[in-house]
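Protein sequence lines, in the order shown, are assigned to chains S and Z. Going by the numbering used here, 152 is the number at position 152 of the first sequence; the sequence numbering is gapless. Counting the second sequence from 1 gives a position; the numbering used here is that position plus 636.
Hints were generated in silico from the structure; no laboratory data involved. Cβ atoms here follow ideal geometry from the backbone N, Cα and C, with glycine treated the same way. Nothing false has been slipped in among the hints.
Below are the BS3-like pairs computed for lysine-lysine, each with C-alpha atoms no more than 27 Å apart in a straight line:
no., chain 1, residue 1, chain 2, residue 2
1, S, Lys429, S, Lys398
2, S, Lys177, S, Lys107
3, S, Lys97, S, Lys122
4, S, Lys97, S, Lys287
5, S, Lys9, Z, Lys777
6, S, Lys107, S, Lys138
7, S, Lys9, Z, Lys776
8, S, Lys64, S, Lys489
9, Z, Lys774, S, Lys9
Now the in silico label distances, taken between C-beta atoms and shown as ranges:
no., chain 1, residue 1, chain 2, residue 2, range
10, S, Tyr28, Z, Phe829, 23 to 29 Å
11, Z, Ser749, S, Tyr28, 36 to 42 Å
12, S, Gln145, Z, Gly884, 56 to 62 Å
Some residues of chain Z that are not near chain S, with every Cβ distance over 10 Å (derived):
no., residue
13, Phe680
14, Ser739
15, Ile750
16, Ala786
17, Ile844
18, Ala1050
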Amino acid sequence: MNRTFSERKLVIIAIFIATGLACIGRLYYMQIIDDSYKLDASNEAFRHVTQYPPRGCIFDRNGKLLVTNEAAYDILVVPSQVRDIDTASFCNDLGIKKDDFISGIKKAIVLNTATHPSVFLKEVTPEIYASFEEKMYKYHGFSAQVRTIRKYPMKIAPHLLGYIGEVSKELCARNPKYKEGDYIGISGMEESYESDLGGIKGEKIMMMDAMNREVGEYKNGKYSKPPDPGENLTCTLDAALQAYGEKLMANKAGSIVAIEPATGEILALVSSPEYDPNLLIGSVRAKNYAKLAEDTLTVPLFNRALMAQYPPGSTFKPIEALIGQQEGTLTPQTSYYCPGAFIMGSNVHIACDSRHGSLQLQDAIAKSCNTYFCNVFVAMMNNRSYGSTEEAFEAWRKYVLGFGFGARPDIDLPSALRGNVPAASHYDKTFGEGRWKAGTIAWLGIGQGELEVTPLQLADEAAIIANRGYYITPHVVKGIGTKAGPAKKYTLRHYVPVDEKYFQIVVDGMSDVVSGGTAAASKIPGIIMCGKTGTAQNPYGRDNSLFIAFAPKDTPRIAVSVVVERGGWGADWAAPIASLMIEKYLNGTVKRTDLEQRMMEGNTLNYLLQEKTEPKAFKNSASAEAKRKRSKPNKH
Amino acid sequence: MSDRRHNILRYTDWFTISLYALLVIIGWLNIYSAVYNPAHPSVFDTSQRYGKQIIWILTAFLLAFFIMLTEASFFSVFAYMLYGIALLSLVAVIFVGRNVKGSHSWFHIGTVSIQPAELGIFAINLGLAKYLSGENVKIKKAGTLMRTLALLFIPMLAIVLQNETGVAVTYVSFVIVLYREGMSGSILLALMFAALLFIMALVGSKLILTGILAGIAAVVFLIFTRRKTRDLFRIGGILILSVGILWGADYGLKKLEPHQRDRIEVFLHPNANKSKQGYNLNQAKIAIGSGSFWGKGYLEGTQTKFHFVPEQATDFIFCTLCEEWGFAGASVVIFLFIVLLIRIVMLAERQRSPFSRIYGYGVASILFIHIAINTGMTLGIVPVIGIPLPFFSYGGSSLWAFTLLLFIFLRLDADRLQILK
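Work out the full structure: start from the sequences and follow the hints.
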């Protein structure tokens, strides 16, 4: 009998089932158990593309746009995909040389390998990009990435606004938030408000094919993270006033700081010479920065308003008047005789501008009598209630510090300097312990000598007097995003250690300065301005012209400090400029057009250029700034 | 006439046809996804592969319909003639076929390309069935076995000469038919053992393997036999043959074409070079692995869609399935395939005619080896051999080939009660 072998079907079916199960088992291993293939999939098919958030814009106090963004394009290249390119037309479109083309590609390969995209050309302007984009389909291997760069429609306040630039390698290494190529605020508001302006980077998950070409967004962007745009800032600045101040300071070295006394808001912060902020954006930044940095005589990159340190000269006299009264060593009725100089013993001889004769306090302020205030200072130093001159001096110093001098103002801008209020130990070192007396340092009473202040501190002094005894820390931002109002620390009143009652006589004296005193030429029709001139001696050359002021006298709305380096008399430049600023701010227009024209056209920069040496104050400040950058470049 | 048609409808195995249709449709959905082009979303866009495949599918259905209309006895009567025609085309294409990537295996007639190695397999199967179902043909007889092997080796040789070694390998599946028809089971075992040895030889140290084999032989001789000289010769012979295969494998590998050697190298050392020869396989594995349990969703596959996996619509279509439908979907498809194979075996067993039964087993075997090798290579458990996944892979030639193969059997099955021979 033939065997039919039909039972063998079972063996065959078993082979089929076993094979099927083997496949399913293998699938189970690969798809469920083994994780390594999953990780690979996300690496190979996806590229995480950084989405740069637009930086926040900056508006002035009236909603005028100060800083905005403009698109710029980074041209990217994947070297391995570059082929069949008409290099002549390519270079022509981008405005580069053929050598740049070759070296650019070589650099990209070294930087990022041939198969990954690298930046070939940075920050191409929209105009150039437009013509390039039309032909981009012909340029295999090239693509573009949008970046935003800053634009300054009003071209004002470069020092205050600051600039942005690529983040340093060190910061990238320290802070994982930053990657090379990211932009970060480097100075001014851009630096101090980086965390608000910068926004949060987003990420697009792009799908790549095997040739490393983008083929679309993964799941139409379901897993992509859109960038969080930076917050807009409302600046305290009055753009019109700022622009006006910059015009007034043309061809002068110096600064204007204007503060609203009631709030501490900075209305104008002019540092001259200045530069067009649009010079420090995009691809031209490096070149222009180098050019600006080269100018070591007028130092246009240097923010004088916050960093220049000058002896306050006679603008310090109101402080002296206040301290003396508080101490009880001076009353409004105290009278000193001025023979044309302050003379003490055989060594001390401090000249006065004229022979003022017998003066009382209000008149002494109005006429800025050196003799009177040296006497005021010496009277306090020699007061019996103190055990020694040194003790008296430390008490005096405490008062001065109480006005914000000698300490870095807590302003919301980087790089403000502290000025200098010498300590007793300084004189111990200079003259020997116990070997200095009131007379030795009497010049402090008229703001000379080792005393150094910044224009910001001077403006704050004016604000303190305007407020009759307190200040609110000056600041430049009054609103972040939709949140109105400044940070809490910029709403607190800081009282100076002098009682309110002692201010009136000083205010009256400062009012006389303008109505009939040293700054009589700067009277503003219809506005009662209080001011104080300063003509600060300067060992390197011509005197610096200083002026502090506030107005109106009884309900002050603006406090100003003006410094014109090498301007000579305070009344020559600083006072008229301050008065014009005040008139402009309070009235909106300036009627004294002759004065305005004279100020705008005036040139004091020549005096500085003639000296041909770097001013000492800046040398120190510049190195201090460099030190600050080195020691804590990462605030955020 | 109407009576006959009535019978055909009644005795046609609609279960198998449903499985066939289901697999073809799932296959097409995967092709659509694998080559999906958002610019041409229309499924009838014949500029795209999914549009073309629709034409292939419709013509395959038409082909199936005509086969069902054909007299069943036609296939039995003309079996040798069809075999002859197939063999002739297999030889002719070596000389006429255009060189496509080193292979001479395609006829180009107008815009249509036909690969006789794929398309002709039903005829080879018919010829084999015809011969084995003949009177006094006993596979145990040496002469029968020689003639049977000749029937298979001649077309295989032609296919190897076309440079389509992968297709030739599928002929090995006929060993299942021979086994069912009475070939000694030890030959099947020996073949499996040889294949295992071959792969082992490539993976492991040949010296150690030789030692292990000798050890096993010694144990078998000492414990399981009566230690006669005859047993010694028998076991010694097997041992010598095994060791020969073991050492010959290495030599054989060197004799292979470079691309074939690469494929085997890649299979053996999958992580050695991911970017060159290993690229296809590695990308396929990544695609599969990233599918996880439920898959990424239809048309959401990233690896297969963006050309990470080459030949994704043809030989590597299983990848797309695994990536987008996950373990769940891929398991269901494997399950469907296995059900189809078992169904065909059951249909074959119910045939009264040996011709129909042998042909049926041939169909199951050919489908089985294609499914096993194709999924196996995609999953990295078999070296890469470029053969299609039945009903799934893109291409008219293969779809027609499998449709012909299957429906001739279904036609024979529908006639199972009529024909006694």
